[in-house]
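2 protein chains.
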Amino acid sequence: MSILAIGTVAFDAIETPFKSTGQVLGGSATYITLAARYFSPSVRLVAVVGGDFPDAYVETLRSNGVDLEGLAVDPDGKTFAWGGRYHYDLNQRDTLFTHLNVLETFQPVVPASYRDSRIVCLGNLDPTTQRQVLDQVDRPEMVVCDTMNFWIEHTPESLRETLKRIDCLIINDSEARELAEEPNLIVAARRIRAMGPDILVIKKGEHGAMLFMDDEIFVAPAYPLEDIQDPTGAGDAFMGGFVGYLDRTQTLDATCLKRAVIYGSAMASFSVERFGPERLLDLTDEAIYTRLQAFYHLSSIPSLVSFDGISS
Amino acid sequence: MSILAIGTVAFDAIETPFKSTGQVLGGSATYITLAARYFSPSVRLVAVVGGDFPDAYVETLRSNGVDLEGLAVDPDGKTFAWGGRYHYDLNQRDTLFTHLNVLETFQPVVPASYRDSRIVCLGNLDPTTQRQVLDQVDRPEMVVCDTMNFWIEHTPESLRETLKRIDCLIINDSEARELAEEPNLIVAARRIRAMGPDILVIKKGEHGAMLFMDDEIFVAPAYPLEDIQDPTGAGDAFMGGFVGYLDRTQTLDATCLKRAVIYGSAMASFSVERFGPERLLDLTDEAIYTRLQAFYHLSSIPSLVSFDGISS
Chain A
1 MSILAIGTVA FDAIETPFKS TGQVLGGSAT YITLAARYFS PSVRLVAVVG
51 GDFPDAYVET LRSNGVDLEG LAVDPDGKTF AWGGRYHYDL NQRDTLFTHL
101 NVLETFQPVV PASYRDSRIV CLGNLDPTTQ RQVLDQVDRP EMVVCDTMNF
151 WIEHTPESLR ETLKRIDCLI INDSEARELA EEPNLIVAAR RIRAMGPDIL
201 VIKKGEHGAM LFMDDEIFVA PAYPLEDIQD PTGAGDAFMG GFVGYLDRTQ
251 TLDATCLKRA VIYGSAMASF SVERFGPERL LDLTDEAIYT RLQAFYHLSS
301 IPSLVSFDGI SS
Chain B
313 MSILAIGTVA FDAIETPFKS TGQVLGGSAT YITLAARYFS PSVRLVAVVG
363 GDFPDAYVET LRSNGVDLEG LAVDPDGKTF AWGGRYHYDL NQRDTLFTHL
413 NVLETFQPVV PASYRDSRIV CLGNLDPTTQ RQVLDQVDRP EMVVCDTMNF
463 WIEHTPESLR ETLKRIDCLI INDSEARELA EEPNLIVAAR RIRAMGPDIL
513 VIKKGEHGAM LFMDDEIFVA PAYPLEDIQD PTGAGDAFMG GFVGYLDRTQ
563 TLDATCLKRA VIYGSAMASF SVERFGPERL LDLTDEAIYT RLQAFYHLSS
613 IPSLVSFDGI SS
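Read top to bottom, the protein sequences are chains A and B.
Number 234 in the numbering used here belongs to position 234 of the first sequence; there are no gaps in the numbering.
To convert a position in the second sequence, counted from 1, into the numbering used here, add 312.
Keep in mind that the hints were calculated from the coordinates and are not lab data.
Be aware that a few hints might be false.
[Said to hold, decoys possible] Here are the computed lysine-lysine pairs in the BS3-like style, where the Cα-Cα straight-line distance is at most 30 Å:
#	chain 1	residue 1	chain 2	residue 2
1	A	K204	A	K258
2	B	K570	B	K331
3	A	K204	B	K516
4	B	K331	A	K258
5	B	K570	A	K204
6	B	K570	A	K258
7	B	K516	B	K570
[Unchecked claim] Computed, partial: chain B to chain A, Cβ under 8 Å:
#	residue
8	Y398
9	D401
10	M460
11	L475
12	K476
13	P495
14	N496
15	E538
[As the list claims (entries may be wrong)] To be clear about the criterion: a stretch of chain B counts as covered by chain A if any three or more of its residues have a C-beta under 8 Å from a C-beta of chain A, and this derived list gives those stretches:
#	region
16	367–373
17	507–520
Idealized CB from N, CA, C, for every residue including glycine.
The whole structure should be built from the sequences, with the hints applied where relevant.
Here is the structure:
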């Protein structure tokens, strides 16, 4: 059992109508690994940071069980930094700045000890960089991939190449519509799966998530939260919970994938409860189990009484 | 068992990127009653039409089991008419015209034979008109109400009066946010229920529906449709399926209400498959039962394996 996650490890600066964080630990790989490590005994990170990356952040990841052999440090470079401001409804945000810094020249190197990873998790990055990781691993049982509108718009050819080499794509609904050039999500899902990934997960924020595999569609609710502090990283926490659960299971069948969507949804719901990845640092098994049970209760339909219409 | 539905019976003219209908039978009361009559043996309509309302439309309603004693005909007036054009994604529409005509002076008269109705269903109308119906019925077991942004914005005081007298409000998500002046739907739901209705259903179109009652939240998926012809009346068909199912049940408890949301969702999903109320005219019990079962399959989570975290 093992997960290799590539993505960003970053400095985030988050503003909401209620609070500004200043610089905090962020990045897709941070959220993915911090969520996955609750479920998988071996969570391996491939990313790059600059010489300015604090030891305390390294220790946060390490002490939470993330394998950091694949974390490259560029002593002369600066860590990737992102700043964003959320609108009042927390569903929309403006990017205030993006400093690629060490990401500009990032060439991922997968440590030999990571080559046998069971699940490879490609966080949101340049699709070319994502493929460079696939070139350096043996035969993962599953390759799960994220992307975003930037790559859909600016590197469509490269993204298509990556899509051919993955098993599962996890994107949000607006990205799915853009990638498929189709407003109807069900049609969009069919088109995207024809591009490569057999399995597609579409995240819809407050509206939950949808899983498409074989001839099945599974719809998962979002956990109803009255007090969302910070949506940053929710999608990555979803991915971490999703692959984390899958790494616990023997098989990767429909039943497991549906449960994985619920695990992902649960971790996303925790992530937004506090700023940055803070909430992912102190979860208990009991808190996770209670949240998972809440999902079952939320969408469980009382058994269907056989229906005889008024006409019969 | 009986349902009284008040609302509009109208001429609709619908344009989508794929088709224009010209004048077709429409209106909230039309969709509500045509959906409800699959489940309830007594569906009673209160509405007004003009002298121009064709006998063929009357016959459509009557032959489909709708009680028309409460359908007033103003021989000198013209029937309410609405025209709308849907955008490419079918989620947005522009109103092309609204001719209130006979609605401008509509004073609902509830026939004596309707006074004992078990469920009263207040379709989208002026909140004052909605209350006039409540003044003319005995003691319905449940009053279910719809409204829209126009009344939220233009007659807020009157709407508040109506909300105090109903048991269940069914509105869409943007209306819920506007009524509660709150972007978070969970918070909005709490505020709206404090205005009167113990039970709240929030319709979210392609994202399904949410039921709030007691301390429970229930989340229902939307049926995944690749080919939506015409969204007109989907919300009213939902209401019809919802009240139709409730009228079949002895009790109005949480279990029944959850099932009612699924029945409503199923009828809405049928309604959009063809233009106008056409699809609601020829459903079979078997088609309805198959659709209901599909909803169970869509959102049924494989049973939760007890969770032991990696830390334990």
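With the threshold set at 30 Å, check whether the alpha-carbon distance from B/K570 to B/K331 stays at or below it. Violated, at roughly 35 Å.
Would you check the hint for B/K516 and B/K570, treating anything up to 30 Å between C-alpha atoms as holding? Distance ~16 Å between B/K516 and B/K570 Cα, so the pair holds.
Given the hint that B/K570 pairs with A/K204, test it: the Cα-Cα distance must not exceed 30 Å. 22 Å, holds
B/K331 and A/K258: Cα distance at most 30 Å? Since the Cα atoms of B/K331 and A/K258 sit roughly 38 Å apart, the hinted pair is violated (cutoff 30 Å).
Once the shortest beta carbon distance from B/N496 to chain A is found, is it less than 8 Å? B/N496 check passes; min Cβ-Cβ to chain A is 6 Å, inside 8 Å.
How about B/P495: closest beta carbon in chain A under 8 Å, or not? Hint on B/P495: holds, closest Cβ of chain A at ~3 Å, below 8 Å.
Pair hint B/K570 and A/K258, alpha-carbon separation not exceeding 30 Å: Holds: B/K570 and A/K258 sit about 22 Å apart, inside 30 Å.
Restraint satisfaction for B/M460 [CB to CB of chain A, less than 8 Å]: 21 Å, violated
A closest beta-carbon separation below 8 Å is what the hint needs, so does B/Y398 meet it against chain A? Given a least distance of 11 Å, the restraint on B/Y398 is violated.
Coverage criterion applied to the region 507–520 of chain B (partner chain A; beta-carbon cut 8 Å; 3 residues): holds (count 4)
Interface hint outcome for B/E538 [beta carbon to chain A under 8 Å]: B/E538 check passes; min Cβ-Cβ to chain A is 5 Å, inside 8 Å.
Can B/K476 be said to touch chain A, with a Cβ gap under 8 Å? Since chain A brings no Cβ nearer than about 24 Å to B/K476, farther than 8 Å, the hint is violated.
Violated hints, in rising order: 2, 4, 8, 10, 11, 12 and 16; the structure is consistent with all others.
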